[in-house]
Every structure is written in structure tokens, then in C-alpha cells.
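*Asks:* Here is what each chain is made of, one letter per residue.
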Amino acid sequence: MNKEIIRNERFGEQYSLIHHPSGLDILVWKMENYSTTEALFATRYGSVNTCFKTTKTGDYIEVPEGIAHYLEHKLFENEDTDVFDLYAATGANANAFTSFDETAYTFSTTQNWDKALEILLDFVQKPYFTQENVDKEQGIIAQEIRMGEDSPFRRSYFNLLKALYKQHPVKIDIAGTVESIAKITPELLYDCYYTFYNLHNMVLSIAGNVDEDKVIEICDRALKPAEDLKLECRFPEESHGVAQKRVTDKFPIGQPLFDIGFKAAPCDGIEYERKVCVARMVLQLLVGASSPLHQQLFDDGLINSQFGYSVFSGSGSFFACVISGESKDPDEVYRRILAEVERVKREGFDKDNFDILKKSRYGSMVRTMGNVEGLADAMTESYFNGTTVFDEAEVLAEMTIEDCRAALDELFDEENSAISIIEPTKE
Amino acid sequence: MAVNYNRSEIGKGIFLTRICDPKYKSNIVRVRFITPINKDDLGVNALLMSMLITSNSEIPSRSELSKKLIGLYGTSIGAVWGNVSDLQALGITISTIRDRFTIGGEVISEEAVRQLLLCIFSPDLTDGKFKEKYFRLRRQELLDNIAAAVNDKRSYAFMKAREVIYEGEPAAATDLGSAERAEKITQEDLLRQYDFLMKNAVIDITVCGGGEIDSAVAMLTEKFAGMERGDVPEVVYRKFSPVKNEVCRREEPMDIKQSKMFMAYKSDYEDIYVCKVMACLLGGSAFSKLFMNVREKLSVCYYCDSYYQDLKGVMMIESGVDNSNIEKAQKAITAELEAVQNGDFTDTELENTKLYISGNFRSNYDSEWDIAGWYRVQATRGTAYSPEEAGALINAVTREQVIECAKSFKADTVFILKAEEGSADE
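In order, the protein sequence lines correspond to chains H and F. Offset between the first sequence (1-based) and my numbering: plus 6. Offset between the second sequence (1-based) and my numbering: plus 57.
Because the hints were derived from the structure by calculation, they are not lab data. No residue lacks a Cβ here, since even glycine has one placed at the ideal position from N, Cα and C. Hints are supplied without guarantee of correctness; some may be wrong.
[Claimed, not checked] DSSO-like cross-link-like pairs, simulated, lysine-lysine; straight-line CA separation at most 30 Å:
1) F:K464 - F:K388
2) F:K354 - H:K189
3) F:K80 - H:K36
4) F:K241 - F:K186
5) F:K354 - H:K132
6) F:K186 - F:K80
7) F:K464 - H:K189
8) H:K121 - H:K9
9) F:K241 - H:K334
10) F:K186 - H:K334
11) H:K364 - F:K464
12) F:K80 - H:K9
13) F:K80 - H:K365
14) F:K385 - H:K142
15) F:K125 - H:K351
16) H:K36 - H:K364
17) F:K241 - H:K121
18) H:K142 - F:K388
19) H:K364 - F:K296
20) H:K132 - H:K62
21) H:K177 - H:K36
22) H:K334 - F:K188
23) H:K365 - F:K125
[Stated by the list, open to error] Just the calculated beta-carbon pair ranges, DEER-fashion:
24) H:R16 - F:N61: 26 to 32 Å
25) H:I276 - F:K280: 36 to 42 Å
26) F:R171 - H:D306: 30 to 36 Å
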């Protein structure tokens with residue numbers, strides 16, 4: 007067993023990274039005086055991982071869309087009992103989620119964290135799929151897909167991804183489609199399970215009121231050593247340009263919604279951390295509440311308090327800057343953003359604004375350090391990205407306004423941009 | 058686990074709650090005005106809060122005020138509004154990191170609170186009016202927000218269901234009032250409500266976080282304690298909603314894929330904690346009867362939850378269901394409630410439910426936002442139980458009490474935001 011302490015002097019905080027002999031890496035952040043323990047047992051496996059190979063498969067194989075999410079649902083069913091019944095005796099809140107590039111099983115509890123951890127490690131390592139239970143789940147997931155279709159925000163976002171990406175599977179809904187999930191069989195679920203739920207492809211992340219020695223003791227007992235299958239995922243090459251510049255849809259809503267996206271090249275490791283950090287800052291400088299463009303858009307009644315922005319990214323897989331909101335004229339918002347990008351390329355960003363935004367980002371990191379759930383998530387995310395929770399602070403400290411200006415050309419390339427609009431069904 | 062909690066009246070109808078635990082990295086200051094719901098003023102009051110956070114007499118520009126706060130390590134300011142039982146609660150919140158976590162120990166808490174006080178006590182008025190430009194933009198934003206209520210189908214269905222469940226009561230009103238009223242709001246309305254809230258509303262101030270904010274709190278206390286106040290009517294939070302003579306069934310069609318169904322049951326059962334256990338046993342967790350049987354075994358809903366709204370004595374059962382399953386879902390939900398009424402649950406189910414609730418109570422300690430919310434809710438009940446104390450009340454609930462409580466709930470309303478025929482299979 008090999009242990010690293012990941013420490014940051016700036017925040018006076020630290021956590022442990024333990025390389026367990028089973029092949030699993032374990033992250034533990036002990037938080038004094040907190041009541042809650044938050045755990046994530048996560049695999050680097052999400053909806054985009056539909057084409058892969060291992061030492062067992064030989065060549066690359068392809069699986070139906072939505073299978074990672076389906077697998078997440080099915081894993082909660084053991085051969086002899088329902089997992090939620092087991093958790094019930096501990097008082098823990100259990101859940102799971104599947105994203106584009108990660109699936110995680112979680113619990114949060116103020117009591118019996120050790121028993122909850124045993125349940126978590128046990129059921130995630132014990133798949134049980136039969137034709138009968140796979141068929142039954144199709145009804146529930148179809149209902150979940152339909153529920154998602156009732157969200158205009160979700161519709162707008164996925165329409166944007168379909169517009170931005172020509173090939174990449176990130177354009178497909180995480181849950182798949184009613185048609186694609188109909189192709190899922192117990193055999194396919196087992197294939198994906200044994201590929202992606204290999205401990206070498208997973209991480210256990212625990213933050214809060216927890217005892218590290220006890221975590222290791224439980225892991226020693228519960229983890230089944232795994233052979234490294236040298237998993238490789240393949241993504242289609244995403245060429246320059248977008249699939250569609252403008253996509254519209256109709257929905258029973260109050261006023262038009264929009265998502266504007268700018269696609270950029272993916273990357274990984276510390277380069278990824280830098281790119282995400284710079285992209286966040288550039289978005290704040292360009293359209294944040296303290297930017298001139300934000301003020302103009304607000305003063306002209308083109309945006310309201312629903313306006314927002316985010317970096318949409320997966321390490322080594324996809325990367326985009328997304329600006330969202332409600333507007334009576336989304337096309338005009340898009341036009342003004344493009345014009346502002348051109349202006350800033352000529353004139354540069356405002357230095358005072360850059361300086362206060364750096365402070366603001368720092369304040370935001372301080373807040374994260376007191377958030378049990380946020381830290382368990384952050385440890386997992388940075389681990390999968392090949393970085394640490396503290397790298398963002400270091401990147402931020404070194405970032406200059408010139409870095410932001412230089413990133414504009416790649417991050418905000420008009421040819422790589424698209425707009426998705428949801429218009430009201432009724433005027 | 059414990060926090061330092063203290064609540065006192067610092068002026069006529071002005072309450073200051075201080076909650077402190079040094080483990081928190083930030084401090085929240087929330088000032089709320091609480092007043093009986095008046096349908097005509099709902100939108101006016103919400104708009105007033107938006108105006109107050111837009112600018113103040115010292116910084117009369119929205120973007121400059123934003124910049125000022127962002128420069129204070131991302132201090133956030135926000136307006137809050139919403140109906141609580143038959144009352145409207147609205148106010149302004151700031152959140153700022155503790156001075157000790159700034160680079161070089163820069164003191165920011167005093168300036169953050171000073172800006173909050175300027176927003177409340179010294180609004181950006183010229184000749185007794187807000188800036189016309191901001192007024193028009195914020196009023197339009199209010200109209201946008203009213204129109205946007207339909208965007209999230211689940212919360213829209215909840216809003217429509219509330220209109221039926223609380224028909225004839227103030228609580229039936231939507232949080233922001235009607236678009237017709239919002240269009241007619243004038244600057245005079247805003248000023249009238251400003252004076253009214255400052256003089257006649259209950260003012261509830263919460264300072265919650267890691268502390269080391271005493272000098273800022275002293276400024277806050279001095280300012281509020283020195284206010285000129287008029288009559289401040291006592292606010293009554295808990296007012297049971299009367300049960301309808303016959304179950305009211307309403308449907309509203311919409312172009313959606315999945316129907317959203319609300320079934321409301323009412324009771325005047327006094328003990329909040331017994332009601333909480335009963336509602337959670339029925340459908341408040343992933344091992345509850347509704348989740349295990351209606352969703353997992355029968356697969357007739359994607360979600361099916363129950364929860365208790367103590368201030369109105371209402372248990373809400375909420376589900377997302379395909380049209381073809383609506384009847385089956387209603388039968389299955391009713392059967393599960395009857396099972397609880399008949400005592401058809403094991404001691405283990407009951408004990409696990411109690412464990413789950415009391416554990417969730419304690420988790421409030423880990424966030425300044427959650428613990429502030431916890432004590433805010435306690436205040437509406439006229440109590441100040443800590444999470445452990447409330448947990449002890451949960452643990453004392455007996456099987457007999459749960460059965461008695463379940464039997465006291467009567468069916469009142471079934472509201473369905475219904476997927477229009479044909480839209481489910483598009």
C-alpha cells in the first residue's frame with residue numbers, strides 16, 4: 007500500500023491518496039467537526055464511452071447508447087435483496103448518477119458510515135443482471151427519458167450539443183433513447199460492467215467525518231483485486247466547424263430560451279486544468295456580471311437574471327464554453343457576443359476587472375473547502391482529470407490577463423459556435 | 058455537534074438570530090420582511106427587493122455595485138421571495154468569506170454588511186423615485202419570471218396544484234402574483250410598500266457562519282434597532298388548511314410527455330414530528346412504501362414522493378406518471394396510505410425511517426445555509442430545537458401515533474398537469 011499526502015499551504019488543507027493493492031485508488035479528506043460523511047465510488051465511464059477495447063476484447067467494440075446509465079440503474083438490484091433496503095438500516099442517503107464521462111454511486115450519512123461503506127463496496131462489485139430484471143428496467147428508464155423530454159432547458163442544451171458536434175457521442179442524451187435502450191441485454195451489461203467497473207478504472211472518494219485507517223481496513227476486506235485490462239476508449243475525430251449553426255425547437259414556455267456554445271479542442275492532465283480555469287475566467291471577463299457586455303445586454307433588456315455561463319468539458323474527450331439564458335431576441339445576444347469577442351481581440355480585457363475576478367474565484371475556492379459533498383466530488387473529478395483539488399488555485403495564481411486574451415482565439419472561434427433556441431409554442 | 062445559537066428581539070418586531078460555528082468558511086447575512094399575503098402586493102414586494110439589490114445611494118450603478126461585491130472575494134447579494142403558509146417572506150441575503158481566509162487578512166465583512174445596509178436603508182432614489190431605466194428593466198424581469206413559471210413543468214404543476222389545494226386561502230396565491238398586476242406596478246407602489254415593510258412588517262435578521270463578524274453585526278444592530286416603526290401585527294405561521302367536503306379533482310392539459318400528479322391530504326394533527334415520520338414512512342425515502350412498491354415493483358411512476366407541510370397541515374404526494382398509468386398509480390398510492398393507516402408496516406421500517414430523518418436533521422450542521430434554514434423553520438414553529446433535540450422527538454414517535462396520525466389525514470385534492478393525448482408517443 008502506497009500513500010501520498012496532497013497538501014496545499016495556501017489553504018492549509020490536505021487529503022490522502024492511497025494506492026490500494028487491489029488496484030483501486032482511494033481518496034480521503036478528513037474534515038474535523040463535520041457531521042456528515044460523503045462517499046463516491048466512481049468509474050471513469052459515462053455516456054460517451056460507447057466504443058472501447060481491452061486485453062479481453064482484442065479489437066474495439068461498440069455498444070448501444072445509454073448503456074452506462076442503464077447499468078447504473080441495474081446495479082442497485084442484488085440477487086437476494088434491494089440495495090436501498092440494506093442502506094435503510096444505516097440511516098444513509100444513497101444515490102447514483104451517470105454523466106457524460108463518469109458514473110458514481112454515493113452515500114451521505116451522519117451515522118454508521120462504516121456500515122454504509124461496506125454496502126457501497128459490496129453492491130457495486132456484485133452485478134446481477136437477468137433478462138427479467140433488464141426488461142423490467144426498460145419501463146422505468148423510458149419514463150425517466152420522457153420526464154427529461156419535458157424540460158425545455160435540457161432540450162435546448164442537447165440541441166446545442168447536437169449542433170456543435172458532428173461525430174462525438176457527447177451529442178447523445180446520457181440516458182440514450184427509448185429505441186437504443188431496447189437493444190440492451192444482460193450480456194451487454196456484463197461486458198460493459200467487467201470492462202469499466204474494473205478497480206483500475208475506478209476511484210473511491212470519501213470526505214467528512216471519517217477515519218482513514220478504518221476506511222482502509224474496510225477496503226482490505228471488501229475489495230476484490232482486479233487485473234488491469236488496459237482499457238482504451240476511442241472517440242470519433244471531431245473536425246473543425248459545427249454540424250449546424252442554428253437550431254430551434256418549440257415548447258410550452260414563457261419566453262425564448264437559448265444556449266450558445268463554442269466548441270474547442272479537448273485535452274487532459276494539467277493542461278486540461280489550465281484550460282478549464284482560463285475558460286472560466288474568460289467567460290467571466292466576457293459576459294460575467296462585471297463585464298461591459300453584460301451591462302449592455304441587461305440595459306437593453308436582452309437578458310435577465312436567468313443569464314449564465316459554464317465550461318462544458320470532459321478530460322481528453324470534449325470541451326466547450328456555453329452561455330445560456332432567456333431573451334426576447336436570442337439571435338441578437340449571439341450577435342453581440344461575437345462582436346464583443348472581436349472587440350476584445352482588438353482591445354484586450356479590462357485589467358481591473360481581471361484582478362477582482364481573480365479574488366472572486368479565490369473566494370469561491372475557499373467556500374468549496376467547507377463543503378463536504380463538494381470536496382468528495384472535487385476529489386473524484388480532479389483524480390479522473392489527472393490533477394488535484396488544489397491545482398486550480400495554483401493555476402489561478404499564475405494566470406495573467408495575457409493568458410486570457412491569448413485563449414480567446416481558440417475558445418471563441420465563430421466557426422466552432424452554434425446557437426440553440428427554444429421558442430414558445432404559443433405567443 | 059453543536060452551534061452557538063442565539064435569538065433576540067432588537068427592536069419592535071425585529072428579531073436577530075445569530076448562529077455561529079468556527080468550522081464554517083463564510084458568513085451569511087439575511088434580512089427578511091414577513092407580512093401577510095396580499096395578492097395585489099406580491100409582485101410589488103418582489104420587484105422592490107430586486108430594485109434594492111440593483112444599486113444604492115452610494116453606488117448608483119448596477120454594474121459598479123456588482124464589481125464592488127465581486128471584488129470583496131465574490132461576496133454575493135441576492136433578493137429572496139416566496140410564500141410561507143399564508144405569509145409572504147422577502148428579503149436580501151449576502152454571503153461573504155470570513156476575513157481570515159482573504160489573502161493577507163483583508164477585512165471585507167464590514168464593507169459587505171455596509172453595502173447591504175445601504176441597499177436597505179439608503180436606496181438609489183432621486184426625487185423619491187428609483188431610476189426609471191432600472192425600474193422598467195426589473196419590472197420586465199418580474200414579468201419574465203412570471204411567464205417563466207411554466208418552464209419547469211414539475212414546479213409549475215405544483216404552483217397550479219397549490220391554487221386548488223388552498224382555494225380561498227391566501228396560500229393559494231402564486232409567489233409573484235399575476236402578470237396583469239405586474240404590468241401595472243408603478244414607482245408609487247414600490248415606495249408605498251417600502252415604507253410599509255420598513256414600518257409594519259416583522260423583520261427577521263439572520264447572521265450565520267464562522268463568526269468573527271462582530272463589528273459588522275454591531276453596525277447591523279445599531280441600524281435596525283434605531284428604526285422608526287409603526288404597528289407590527291403578529292404573524293401566525295401555522296394555519297391548517299380546511300379539508301374540502303368532497304375531493305376536488307382538477308386537470309390541466311399541456312403539451313408534455315409525462316403527466317405530473319399531486320394528491321393532497323389534510324389533517325389538523327398537532328404533532329409535527331409524528332406527521333413527519335408518517336409521511337416519510339409512506340414516501341419520503343428510497344426505502345419507503347411509495348418508492349419500493351409504486352415505483353420499483355409496479356413501475357407505474359418514475360418518481361413518487363410524499364412530504365408533510367407542517368404550517369398548513371397538508372401531506373403532498375407527488376408523482377410523474379404516464380397517462381396510461383394514472384388510474385393505476387392513484388389506486389396504488391391510496392393502497393399504500395391505507396396500509397400505513399392499518400398499521401401494515403414493520404417495526405424495522407419504522408425504526409429505519411426514524412433513523413433516516415434524525416440523521417438528515419444532523420446533516421444540517423455541515424452547511425451555514427442549511428443550519429440557517431433549520432433555525433428559520435424552527436422559528437415558524439415557535440421553537441428553537443437543535444437537530445439533536447428534534448431527532449429525539451422523532452425517535453420518541455410510536456407505531457400507534459403513526460397509525461393515528463395517518464388515519465387523521467383526509468383526501469382533499471387530486472391535481473394533474475396532464476400530457477395531451479398523442480404527445481407521449483411523438
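*Asks:* Of all the hints given earlier, name the ones this structure violates by number, lowest first.
*Replies:* Of the numbered hints, 6, 7, 11, 17, 19, 21 and 25 do not hold.
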